[in-house]
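Protein chains: 2
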Amino acid sequence: MRFSVTYRIAAANLAEARLRAEGIALEQTVEVPADVVPAGFIADQIVGQIVEIGAEAEGRYRATLSYSPESAGFEVAQLLNVIFGNSSIQRGIKVIGFAPGATLAARFPGPRFGIAGVRAACGRPEGGLIVPVLKPQGLGADALATLAYAFASAGADIVKDDHGLADQTSAPFRERVEKISAAVARANAETGGSTRYFANVAGKFDQIEGNLRFAADAGVGGLLVIPGLLGFGLVQRIAADASLNLPVMTHPAFLGSFVQAEDSGISHGVLFGTLQRLAGADISVFPNVGGRFGFTEAECLAIAKACRTPDGPGLPMFPSPGGGMSPDRAAAMRAMYGQDVAYLLGGSLLRHPDRIADTIAAMRRVLDTA
Amino acid sequence: MRFSVTYRIAAANLAEARLRAEGIALEQTVEVPADVVPAGFIADQIVGQIVEIGAEAEGRYRATLSYSPESAGFEVAQLLNVIFGNSSIQRGIKVIGFAPGATLAARFPGPRFGIAGVRAACGRPEGGLIVPVLKPQGLGADALATLAYAFASAGADIVKDDHGLADQTSAPFRERVEKISAAVARANAETGGSTRYFANVAGKFDQIEGNLRFAADAGVGGLLVIPGLLGFGLVQRIAADASLNLPVMTHPAFLGSFVQAEDSGISHGVLFGTLQRLAGADISVFPNVGGRFGFTEAECLAIAKACRTPDGPGLPMFPSPGGGMSPDRAAAMRAMYGQDVAYLLGGSLLRHPDRIADTIAAMRRVLDTA
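Listed in order, the protein sequences are those of chains S and L. If you use our numbering, the first sequence corresponds to residues 1 to 370, in order. If you use our numbering, the second sequence corresponds to residues 1001 to 1370, in order.
Read the hints as simulated data drawn from the structure, not as lab findings. A couple of the hints might just be wrong.
Chain L regions said to be covered by chain S (calculated; three or more residues, Cβ under 8 Å) [as the list claims (entries may be wrong)]:
id: 1; region: 1245–1257
id: 2; region: 1345–1352
If you want the ones that stay clear, here's a sample from chain S, every Cβ over 10 Å from chain L, calculated [unchecked claim]:
id: 3; residue: Arg2
id: 4; residue: Ser4
id: 5; residue: Gln49
id: 6; residue: Ala106
id: 7; residue: Glu175
id: 8; residue: Asp340
id: 9; residue: Arg365
In this text, a Cβ means the ideal position worked out from N, Cα and C, and glycines have one as well.
Here chain S stands alone, though its shape is the one from the complex:
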């Protein structure tokens, strides 16, 4: 069964839109002109096919193209290549929808944990998850572990590395992962809680495999991945691994350019919802409305919807709005997003280190109020 991608196409009229859609069908697959395509399997199956095309607004058309699972193969990187590899470079083409179809749904099962699995792992059957962030960059591993202990002792559901903690000299990946995992385990032992530490995957390309195993052995409770920098394939690789058995949180760094242009790139919901989920993320971080990034409420809700829709791909996942979150905003956020949300708590929590427990408790109260 073929999979399909819906594109928004800038064109003066339907005939031009159809020409452009036919161009996409070639560009994303065979990458040769129509008269050069070999007859048979390649012409009949490999070349993309226009399933539907119609006007959306003045100068804007919407075209759904179907592709063969053979084009995508078994790697999420190659699937993204078919969805938007070369077309990302052309003007006036935006990805606004994706449907895997049965064949790719089986090949790309998506999140290992999903919302229910992460809730079970964190011992939080309902209500928003509270996720304080370990930072700033430049702190040593011991200082980060001390912070993590405070966060976990205060009842955080997840404690995550800032996405800027890589493998720097001030807090090398392995030292950090070991010390923070131990600090969170100690807090859990004392409180009876199940706070999970998500380590930011780092290291040079050929160190990452070893670092994944090291992190799992050190007892991390999940992994943070930046797919814009390390590739969506790393998310797929972790989600597929029963022996690691770790949930994945994805971070949007270096992906912002995909959502800057109205008429090109990838829509917010597809980029931060559908594609993260397709790759296997259990939690997708994105910039919340009202913070220091420019996302609108509608864009954030589109992301949350794509993360949680029962239609897939794969299990529903947590949307995780971040950027300028604080207990003051928790009630409004709960009203906007509902229950199944993982809230990042960043700089606001670090402003008063002696009040970390109070702040997290205050946030918990607001999120748990019916």
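Given the structure of chain S, go ahead and fit chain L onto it with the hints provided.
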């Protein structure tokens, strides 16, 4: 020594531009508000510093920020995270310059081969390189090997996989790499030539290390990498490996969104020149002016300049314009780009399979004409 990044910033006036630059200095490093930054090393070194700021045009400012090498660490992915991780998501911020400084220049030495090294490897001391592309997707490994043999016999300098050849069932990575390497070796033995086959790196994340070694053992002459999908870290990893000792060609797929917006993203020269070179690419593919992509002559020349400037980072590399190239255009391209260029030849070459040798010979004559 600190490294520096120059941003174009949308702002109403200099005061606002300065505020935004101060925001970038925090966002790209500590990611906490200024009053939360710990005094000492983190405040003094880790937080970005504004080196220079000034007006560029109405509503546009240019700010150069310096960062500590400690922020970047030793991984190109984390360096890109500092350059543009979260700032990619904010409105009106564009990366238009990068200077590594001595510390990062030593950590990130760039291309292993560069222009001179690739020329030596291909036995082409001067003149443009001719690089036919193996496609379309859907052909089997034997058919691709037959094409590669024809290209190599005709005197191609490099024969490269199309970027859409991954690890699909029709031509699995290892089978394809083995058969094409053998076909090119056979042609070289017959002609006395030194055509190099560049295989497109594919496979699931945890198969890639093994596939690199497999490809080297099979006798490939270089590797094609899609950093937008597999990460710039993979380029760094290959370039750093003396035992592989293979040149890297990078492909722009999935990077197009970075150059779609006038006031955000990354400038053409920095994205397809400087950053590819920094990561370690020897040849950078980008869409040529006049093809089916919308790049202007000025944008293409900016890329070529960034690829070849003696100022670094690292050795000068080949710009490789592609998309709709043919012998008819070769003279104009030679006039525009000069000598040190790798020309992709795609669909036009496949239109007349019986004339492949003539077409490549015609292209060679034009490129070699003084």
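Here's how the hints hold up against the structure:
1. Coverage of a stretch by a chain is defined here by at least three residues with a beta carbon nearer than 8 Å to that chain's beta carbons; for the region 1245–1257 of chain L and chain S the count is 6, and the condition holds.
2. By the rule of at least three residues with a Cβ nearer than 8 Å to a Cβ of chain S, the coverage given for the region 1345–1352 of chain L holds, with 4 such residues.
3. The non-interface label for Arg2/S is consistent with chain L: the shortest C-beta to C-beta separation is roughly 14 Å, beyond 10 Å.
4. Its beta-carbon lying about 18 Å from the closest one in chain L, Ser4/S satisfies the requirement of being farther than 10 Å from that chain.
5. No Cβ of chain L comes within 10 Å of the Cβ of Gln49/S; the nearest lies about 14 Å off, and the non-interface call holds.
6. Even its closest Cβ contact with chain L, about 15 Å, leaves Ala106/S beyond 10 Å, as expected for a residue assigned away from the interface.
7. Distance to chain L confirms Glu175/S as a non-interface residue, since its nearest Cβ pair spans about 13 Å, more than 10 Å.
8. No Cβ of chain L comes within 10 Å of the Cβ of Asp340/S; the nearest lies about 23 Å off, and the non-interface call holds.
9. The non-interface label for Arg365/S is consistent with chain L: the shortest C-beta to C-beta separation is roughly 24 Å, beyond 10 Å.
Checked against the numbered hints above, the structure violates none of them.
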